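Enquirer: Listed below, chain by chain, are the residues.
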Amino acid sequence: MLEKVRDLAKRWLEDKEVDVIFGLKEQDGYIAPYLFTDASELGNLTISTQCRLCYTCRPSKENILSLMQRKEPNTKIGVVARGCDERALIELAKRGQIDLGKVKIMGVACTQDEAKGCKCERAYPNNLVLGERVKGVSEDENVDALLNKSLPERLTFWRHELSKCIKCYGCRNVCPMCFCKDCKMEQEIYARTGWLPPEIPMFLFIRFYHVSERCIGCGECEKACPVDIPLLTIFKLLRRDVKDLFDYEAGLDAGQESPLLTTLDEAPMKEEVTSGV
Amino acid sequence: MEYKNVLTTCPYCGAGCNFYLQVLDGELVGILPCKSHPVSQGKLCIKGWNAGEFVTSDERLTKPLIRRNGSFTEASWQEVLDTIAKKVKEYKESYGPDSISVLSSAKCTNEENYLMMKFARAVLGTNNVDHCARLCHASTVVGLVQSFGSGAMTNSIRELEDAGCILVIGSNTAEQHPLIARYILRAKEKGAKLIVVDPRAITLTQFADHYLRLRPGTDVAVFNGLMNVILGEGLEDKEFINERTEGFEELKETVKRYTPERVEEITGISKDKLIAAARAYAKAERASIIYSMGITQHTTGVDNVSSSANLAMLTGNVGKTSTGINPLRGQNNVQGACDMGALPNVYSGYQNVIDEKAREKFGNAWKVKLPEKPGLTVVEMMNEAARGNIKAMYIMGENPMISDPDISHVKEGLKNLEFLVVQDIFLTETAQLADVVLPAASYAEKEGTFTSTERLVQMVRKAIEPPGESRSDWQIICDLAKVIGSKEFEYKSPAEIMDEIASLTPSYGGISYDRLRKGGLAWPCLSKEHPGTPYLYKEKFTRANDRGKLFGIEFKEPAELPDDEYPFILSTGRIIFHFHTGTMTRKTGLLNREVATGYVEISPKDAERLALANREFVSVQTRRGQIEIKALITERVSEGVIFIPFHFAECAANVLTNPALDPVAKIPEYKVCAAKIEKIKEIPR
Amino acid sequence: MVEFEPRIVGFCCNWCSYVGADLAGVSRIQYPPNLRIIRVMCSGRVEPEFVAKALSSGADGVLVLGCHIGDCHYMYGNHRTAKRMAILKRILGYLGVDPSRIRLEWVSASEGPRFAEVVTEFIKEMKNLGPNPLKEVKAC
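Residue numbers (the working numbering), protein chains in the order written: chain S, 1 to 277; chain U, 1 to 685; chain Z, 1 to 140.
FYI, nobody ran anything at the bench for these hints, they're computed from the structure. Just so you know, not all the hints are guaranteed correct.
From the structure, some residues in chain Z lie toward chain S, with a derived Cβ separation under 10 Å [said to hold, decoys possible]:
1. Pro-48
2. Ser-56
3. Arg-80
4. Ala-82
5. Lys-83
6. Ala-86
7. Ile-91
8. Asp-98
Source: prediction; values computed, not measured. The beta-carbon is built from N, C-alpha and C at its ideal position, and this holds for glycine as well.
Please construct the entire structure, taking both the sequences and the accompanying hints into account.
Expert: What follows is the structure, encoded as structure tokens:
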């Protein structure tokens, strides 16, 4: 599979279908995103679930692709994208962060093992070019465990988990959907600053709500948490709720607007909204 | 357009996390975690995530500066180097080489520390070279050398996850070394017992199975009390004591007198809690001790450290995985700076200056006759500068104006110098007093290695070019040496420097850049094939007769206790959001938003008695000085104790601290001194 | 034993529900005093963080009252509120806070008695539910 990816990338560069390739580079055993500008460098191109591509750069708070496109608006970028990468790109394009017209996606599917490793529900991109669609993971034991708890049990559980938080902002920093210039998590009036643990549940609640309908299910937040707070559990449940309430899934269609930004006429909600919710 | 990610090591604490610096067209745009790194595993703390912002700050020094007529003017590199060379020659001839002293940097790479100590010894001709380890882990170096034979963390960080019991004393791990606290929490999830011993209710106490809240400065009594219970209940490891240690009788005699009742009197810990904690530690199959500044920064620092070694050896918890004594070193490269010999009494690898063979070896390698007398330590240097015996100082990457105890005395000392050269990345409070300022490159702009607290030597890779005319510290030192006339500083790259280090330092013998590029190596790494050593003392200790020494240590009170005039115990320390003297963190937006300025933690009962409101400005005074600072009322500190983080120059805690030193290690007593608090009428600007 | 009196925070929109509250007052309609009203220009101004912060700071229940769908002074503000509150309730449910501590109701400017009715019923419900468990989380 890796050879096919490299060959295709080489062909795209040589046929001038794209000007540069944005993918993962492997060097001395370390894997990180890289911009391949020449076909000779493609020997180091790799595919791995260890690292995604589209991260937000801080302190500018812009996505890396967005920064690249601002520098060179006419360069066509070929992106070796997995399912989660593609969904991130689509959601970013929806919000005007990147210009999808200048991006050519080389969709690569993940294997069943890789899907299991990330607990991924949809382990393939829509623009699938290489690889087979696999079923993905629909059962998640953390989710089931949470749903089986009663309300007081859930509160005790989360109180324990959230008290471990060391305010690294890692979950926010790795999330491709978190690019607000005035992040509410940093502001004193929403969540008290300068003390550990941060205000429970406000600090992480802000992200739970804000990312709820944008979450692409990549799981990076949970992977970036130093104290292993099971963040993906709540985001997975919220993805199900958003699908249930608005029949909407993030990252699938660049033309479909987020339900929280639209009126009830444009994107109706499942329950009756006459009085009392 | 060029975009790449450069893997490098974090410049903040000693955990040694790695992350990628995102570089777009030669500009640093962001930081990405590295999931394959053994310690950080794709996670970082808030400082690590923001370690790129200060690098691109507008306040970076970009040109060399010389003080003329009282203010700084820009100068060329040639001019400043010539000025320094001239002064060096002058002082060496008129007053002797010992009138000059050098402060090396625990923030700079191993190569730079090696070159700095080589410069001081081979070019200047003095052993007066020291660095900030004197202020933090000097007790560790002395204490563990006398107990085990070498003074470093005995096990590795990841092993903590599998310990059955972890005793954390004097370490606010969740705030100081967040990624190490991760492993403690993981151990807890796996069923380990956590014992926390700290006068403040730090973040870890909410996860502790046993929390022993002691009076500051009474750690020896706690250790002796724990050992008393262990011996009393027969929980000691008799086999280990017989085969691997000596001095047990002395220890037994001393410890007999520290009954739980007596320990309760001295420390304030209830005897039931002490007994329960002792049982938990001794009964665990693998128990680990973690400690940090809380026990080292005392006039009894060495005693505290040796006591912890006593406890570990008594229960056979050394020399196997997930056990041991784990001092958590604060700076990214303080372990490396010590290993490289930037200390007044040893060369690299802790080879002693007074040892003739070592002196000959280094003298031959450097082609020069080396000075015999051990040099001065940091606080002593300041004292001698105030007295006029030290005429000139060369400070690299240190900020004694905020980090040393009794700042007014430090200021006196520095101002009294005839010539001060400061090499740094920002115009720090110390640099503002200098005669010559040399602009240096930060960690992102040079190549080198850092050694983390678990003895892991890791690569630091260059990601961007240094701003303006600033240059890497190793290049500056080499150029300075060449201008003064030395021929021994011709290095084409840091890799060559590391090769020289490896040839002279047995524990770094097998370390070279082509091995390091693939991953870190834990010393001792004796040869090119040696894989590195995750944990020490598997078969024998490194003392003369291969045995660890048990000491009978008596409890001594701290140097300055509270009295009627100064009724509070003042303790100082760190918080997670800022780092040390704040040179880097206070130029970072998010960290300043979290904590903008300093505060003094005071307990609710004391606040009520003094009629203080939360966030009210108060005056805190000690016999050294006074500061005006915001009060924060919290139950974290117990009655009679107050705590001030030392990161904030405008309300510097070290104006107040006591420069009383541990007699052997010469480390100041930052953790205990006597203070008083008064309300003030006017709020300062 | 002091009986538990819940503390309720109510976000009322300027054009409909706040006027409705005013009308209840002018008409001398009695309802329990546990409600603290915060006037906003539109129920769409209510960020879910406000509601969560109210609960985190110790409120036992939060009411969000807006105009009826189709009557919003700003056309679609209350549409957004409806969607947000739905997601907010789900999140609170997952965190272990009873979602019925939040209620979204549409109360128009002329519905003085209805305002009093909604508030009274809500306070009764909160009394039954008991104090907000988040109150035990200690602050600095």
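Enquirer: Taking the hints in turn, state whether each one holds.
Expert: So, going through the hints one by one against the coordinates:
1. Pro-48: holds (5 Å)
2. Ser-56: holds (5 Å)
3. Arg-80: holds (7 Å)
4. Ala-82: holds (5 Å)
5. Lys-83: Interface hint status for Lys-83 (chain Z): holds (6 Å vs cutoff 10 Å).
6. Ala-86: Hint on Ala-86 (chain Z): holds, closest Cβ of chain S at ~6 Å, below 10 Å.
7. Ile-91: Interface hint status for Ile-91 (chain Z): holds (5 Å vs cutoff 10 Å).
8. Asp-98: Result: holds, 6 Å to nearest chain S Cβ.
Checked against the numbered hints given earlier, the structure satisfies every one of them.
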